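Produce the entire structure from the sequences given, and follow the hints as far as they go.
Line by line, the protein sequences give chains A and B.
For the record, in the first sequence the residue sitting at position 157 is 693 according to our numbering, with numbers rising by one throughout.
For the record, in the second sequence the residue sitting at position 96 is 632 according to our numbering, with numbers rising by one throughout.
In case anyone wonders, no lab produced these hints; they're calculated from the structure.
None of these values were measured; they are calculated from a predicted model.
Hints may be right or wrong, so weigh each one.
Unchecked claim - With a cut-off of at most 25 Å between alpha-carbon atoms, the simulated DSS-like pairs for lysine-lysine come out as follows:
1. Lys647/A to Lys680/A
2. Lys587/A to Lys719/B
3. Lys633/A to Lys658/B
4. Lys675/A to Lys633/A
5. Lys719/A to Lys603/B
To be verified - Sample of chain B residues facing chain A (criterion: CB under 7 Å; computed from the structure):
6. Asn654
7. Pro656
8. Ile729
9. Gln736
10. Met738
11. Tyr741
Said to hold, decoys possible - Reference listing, derived: stretches of chain A covered by chain B, where coverage requires no fewer than 3 residues with Cβ under 8 Å from a Cβ of chain B:
12. 544 to 555
13. 602 to 616
14. 701 to 712
15. 715 to 727
16. 736 to 743
Virtual Cβ for every residue (Gly too), placed ideally from N, Cα, C.
2 protein chains.
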Amino acid sequence: MPKESIVPEVVILRLPLYIRALSQMLSEGQTVISSNELGNRLQVTPAQIRKDLSYFGRFGKQGRGYKIESLIEELTKILGLNRQWDSCIVGVGRLGKAIINYPGFVPEGFKIIAAFDNDPSKIGENVNEIEILSIKKIKSTVEKKNIKIAILAVPASIAQDVITSLVDTKIKAILNYAPIAPKVPDTLILRNIDPVLSLQSMTYYLD
Amino acid sequence: MPKESIVPEVVILRLPLYIRALSQMLSEGQTVISSNELGNRLQVTPAQIRKDLSYFGRFGKQGRGYKIESLIEELTKILGLNRQWDSCIVGVGRLGKAIINYPGFVPEGFKIIAAFDNDPSKIGENVNEIEILSIKKIKSTVEKKNIKIAILAVPASIAQDVITSLVDTKIKAILNYAPIAPKVPDTLILRNIDPVLSLQSMTYYLD
Chain A
537 MPKESIVPEV
547 VILRLPLYIR
557 ALSQMLSEGQ
567 TVISSNELGN
577 RLQVTPAQIR
587 KDLSYFGRFG
597 KQGRGYKIES
607 LIEELTKILG
617 LNRQWDSCIV
627 GVGRLGKAII
637 NYPGFVPEGF
647 KIIAAFDNDP
657 SKIGENVNEI
667 EILSIKKIKS
677 TVEKKNIKIA
687 ILAVPASIAQ
697 DVITSLVDTK
707 IKAILNYAPI
717 APKVPDTLIL
727 RNIDPVLSLQ
737 SMTYYLD
Chain B
537 MPKESIVPEV
547 VILRLPLYIR
557 ALSQMLSEGQ
567 TVISSNELGN
577 RLQVTPAQIR
587 KDLSYFGRFG
597 KQGRGYKIES
607 LIEELTKILG
617 LNRQWDSCIV
627 GVGRLGKAII
637 NYPGFVPEGF
647 KIIAAFDNDP
657 SKIGENVNEI
667 EILSIKKIKS
677 TVEKKNIKIA
687 ILAVPASIAQ
697 DVITSLVDTK
707 IKAILNYAPI
717 APKVPDTLIL
727 RNIDPVLSLQ
737 SMTYYLD
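Take a look at the structure:
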């Protein structure tokens, strides 16, 4: 992991969920919330929420709850979500195209500004106003455009090679859609989006 | 969870990963594997692997490792993956269409055989030979076709209502793509596919 940090990763993983729930409450007109209420909403204990937040200093006053708007603002800042993150997509097949085109895949604050593929017939083509470049240009392009995040939508068979090749670039975070359990060096952070595993772990409960 | 079970859910969540790694090894020509080697490959401890497998009886002999092919077969049977699971998709917007069309979203053994939407202009349309039906027909259709798995690709704003409405049907497992943290009754099992949360939990580590 690129940042030495005393905050456990599970805590970092929960913060976006807190932001999401708080934003929803704010949009419903609520302005203050207790850790009890937030815990109920997210099915975690209030103690867990208080402990998670305590890593980042004091929010809210004992017995008065949290001011939702300022808590959202603080958490957004902590996660570095108060700025735009330019990202690139690697692999522009059907899945890659869907990711570029479907707004739900990429949240506000993340913008796909470059796309790469190894298929010569695709290079030069435009998808949603983004030109597909040769994968050979990834290193120089992400350096020039200051891109640290790559969304990987390549076939499973080449995903590990692509991930390994990214080590040598400015890419530091990968959102991987390929159904593999990749080996990732400590200098990269990776999250897998894996509907296959998710489906396969539910059938156990269906007789 | 529909099945009373002494096997912890985290164990069930790991089994598909084991199958994936073992299948890859088998395709590379390997026939036997030790828990050490499998652990290395998956970045879990060998003790963890032995403990996980011990929930389901004895596999392999002390000091001789596991026979890959029969271990795959056993795990496949345990997870109920040795049969086809007919599934349906709810929400046939851009994302829903991508899921129907892109083979990587739905693994072997799962087949989307029905699709539902609430947009009258879409009903009757075909996507990859699947007719889009009115969401109002979901209860009777899943009952008739014996569908227990729903893939949810509806907008976040209506996802909770759709999930709640499924409680009353034969659907027992939901793969949810809507970016919400839904409340789910005990009778349903749900997995969230959430690229938004994944992206938002990486930026913390990028300065």
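Right, here's what the structure says about each hint:
1. Lys647/A to Lys680/A: holds (16 Å)
2. Lys587/A to Lys719/B: holds (23 Å)
3. Lys633/A to Lys658/B: Measuring from Cα to Cα gives roughly 22 Å; hence the hint holds.
4. Lys675/A to Lys633/A: Holds. Lysine 675/A to lysine 633/A sits at ~21 Å (cutoff 25 Å).
5. Lys719/A to Lys603/B: Judged against 25 Å, a Cα distance of about 24 Å means the pair holds.
6. Asn654: violated (17 Å)
7. Pro656: violated (22 Å)
8. Ile729: With a closest approach of 5 Å, the isoleucine 729/B hint holds.
9. Gln736: Since chain A brings a Cβ to about 4 Å from glutamine 736/B, closer than 7 Å, the hint holds.
10. Met738: Interface hint status for methionine 738/B: holds (4 Å vs cutoff 7 Å).
11. Tyr741: holds (5 Å)
12. 544 to 555: Satisfied; 6 residues make the cut.
13. 602 to 616: Three-residue rule met by the stretch 602 to 616 of chain A, so holds; n is 3.
14. 701 to 712: With 3 residues close enough to chain B, the hint holds.
15. 715 to 727: holds (count 6)
16. 736 to 743: Coverage by chain B holds here, the residue count being 8 at a Cβ distance below 8 Å.
In summary, the numbered hints that this structure violates are 6 and 7.
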